[in-house]
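Chemist: Those protein sequence lines, which keep their order, are chains A and B. To convert, note that position 38 of the first sequence is 38 in the working numbering; the numbers rise steadily by one, no gaps. To convert, note that position 333 of the second sequence is 1333 in the working numbering; the numbers rise steadily by one, no gaps.
Keep in mind that the hints were calculated from the coordinates and are not lab data. Any given hint could be a false lead.
Calculated cross-link-like contacts (lysine to aspartate or glutamate; reagent style EDC-like; alpha-carbon spacing at most 20 Å) [what the hints assert, rightly or not]:
| # | chain 1 | residue 1 | chain 2 | residue 2 |
| --- | --- | --- | --- | --- |
| 1 | A | LYS163 | B | GLU1247 |
| 2 | A | LYS213 | A | ASP47 |
| 3 | B | LYS1165 | A | GLU223 |
| 4 | B | LYS1172 | A | ASP28 |
| 5 | A | LYS135 | B | ASP1074 |
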Amino acid sequence: MSLIDRLLSRSPFSNIVEMMKEIILVVDMIPVLFQSVKDSHFEKLRDYSRQISESEGRIDNIKREARVAIPKSLFLPIPKRDLLDLILTLDGIPDRAEDLAKTFNLRNFSYPESLHSKIQPVLTLNKEVNELLTKMFIQELANLIESSFSGPSVQNVIDLAEKISDKTYEAENKIQSAMREVFRCENLLHPSEVLIWIKILEQLEHITHSQEKSSNTLRRILEQ
Amino acid sequence: MDILLLLLIIGVLVGLFQAWNIGANDVANAMGTSVGSKSITLKQAIIIAGIFEFCGAVLVGSQVTKTVGKGIIDLSLFQGQAPLLSLGMVSALAGTGIWILIATNYELPVSTTHSIVGGVIGFGVISLGVGGIKWSMITQIVASWFVSPIMGGLVAYLMFILITKMIFNSSKPLHSFKIISPFLIFLLCVIMSLSILFKGLKNLSLDLSAEQALLWSVIIGLIGVAISIPLISRIKEPKYDKKGTAELRIEYNSVEHVFKYLQIITACCMAFAHGSNDAANAIGPLSIIVSIYQHNGIVTAGNFEVPFWILLLGGFGIVVGLATYGYKIIGTIGEKITELTPSRGFSAELAAATTVLLGSKLGLPISTTHTLVGSVIGVGMARGLSGINLKVIWSIMSSWLITLPFTAVLTMVIYKTLHFFLSISGYLV
């Protein structure tokens, strides 16, 4: 192998892109979990939950590979600690998604129509945030690397982070509204179902937080 | 057979072997950034290297050859003992060649330049003692080994910062590139022309002064700009109101696509610079052997001219080494996923080529590979690359510590061995 070849390491940012691609798949499965409960397809629900767990496992492997691929001797365009922070915050999304999937499998439960109408906008916002994160971490990251983490790409990332913040704030409000709806529906639900729905909504909120945290981490790195 | 003729024949063979070594092992590093960024294919790299390595060796190679030949040891101390000097040069070439082979086998990042200097020092010490070495020259040479990667790194850093700030950070990257590229092309043409025209064409009986060479270089640079402007203006710029993510991506891709053509020119520069600097590693000692033979055993320590056919031999050996083995190493470059884009490769190569050509003009045998490594690191320092393996720097520095003493000792051993066998066979008294 030539000396130049040994000097240039495999890009650690490719791990982030790989992670993001898996995260997209995981987050895209969240609406499917809710739909399965609505349709009372609990066998399918368990199957989807298992798929989410498997994806989470793959993402953990990518995260470990990423850590190994960033040894002390590697010189990076952004501080090593920031890159590892970024990988950690991204990892929070599939972790929360797996927790959510596990909650769905605690028992079979019902899904009142009034609650569905409150949760559906949250899932739509969640999907939009997912798309913005994709743009940020797959498309815009490539531009950042090209422009040495400077130039118009930085502003594009900041704009995307602002949009994600707005949407996650809106999603959090809607989750609160959905939680209130759970208590309004408590006559239609078994007490354990109330508990499960509150837990599900809390975990959905955690996923939203993780998404916002990921975008803010990249923004913070660029604004340093 | 006359001892001088015998040593000449052996010297030519070993010199050719050394030139082959350079082509086989070193050229891959010189062309590494061009192939790695996918600006040129493997086949194109071999053709470019073949042509420009040869031209560099023949047109500009004499300056460094003189330093490697007579700049390290005091040749006047060998008057009356010319066969020993020839033998020493053969030993230096052989010792260097063996070390390069061993190092290649173990993937050690050694420099052919450092190796031959070590070999010549080894012979000097064993034959003349420490006092026979021109230590002031050695100090200059060793200092240049530190200075050249740093200089390459600094120039590459500045070049890439300029490209980033003026092109990639602009709101219209492609438009900015079209404005800046004539300047870059002018710079390229001037550097290449100056390196050929100034002290470079004595072999063709064209010895231009510094002012004349500069004037002609500027003219050639302007011609280069005149040719490039209509070509570059034909590049269509996309019309966007606002540069969103996707639009930026398209513009960056277009800029990188055009940088490929600039990198082809820098690849030629790099090959030329490498040929000019590294051919001396093979033909420097050989030129001494030839001179001794041509002057019937008289050591001409003063006015020393490198015969043209030796430069041809060096260039030929490098090309053969590249064509028979070097292409395999070049072929493995770029298999890794890195962000070595044409703009990065261009910055690193231009910086390295400029540094090496300057070293060649000053007669300083610097390492092309290590200079290019310094340049690539310079681009990395400008945040141009996603990951630089700093371990390579430590391995290069440790190779500096190993190479000189190793080749010196190996040369001493070979010299003593050959001396013994030539003595018992009656060639040497």
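Chemist: Evaluate each hint against the coordinates.
Modeler: Here's how the hints hold up against the structure:
1. A/LYS163 <-> B/GLU1247: holds (19 Å)
2. A/LYS213 <-> A/ASP47: violated (29 Å)
3. B/LYS1165 <-> A/GLU223: With Cα atoms ~17 Å apart, B/LYS1165 and A/GLU223 stay inside 20 Å; holds.
4. B/LYS1172 <-> A/ASP28: At roughly 35 Å apart (the allowed maximum being 20 Å), A/ASP28 and B/LYS1172 break the hint.
5. A/LYS135 <-> B/ASP1074: violated (67 Å)
Figure legend: structure checked against the earlier numbered hints; hints not met, in rising order: 2, 4, 5.
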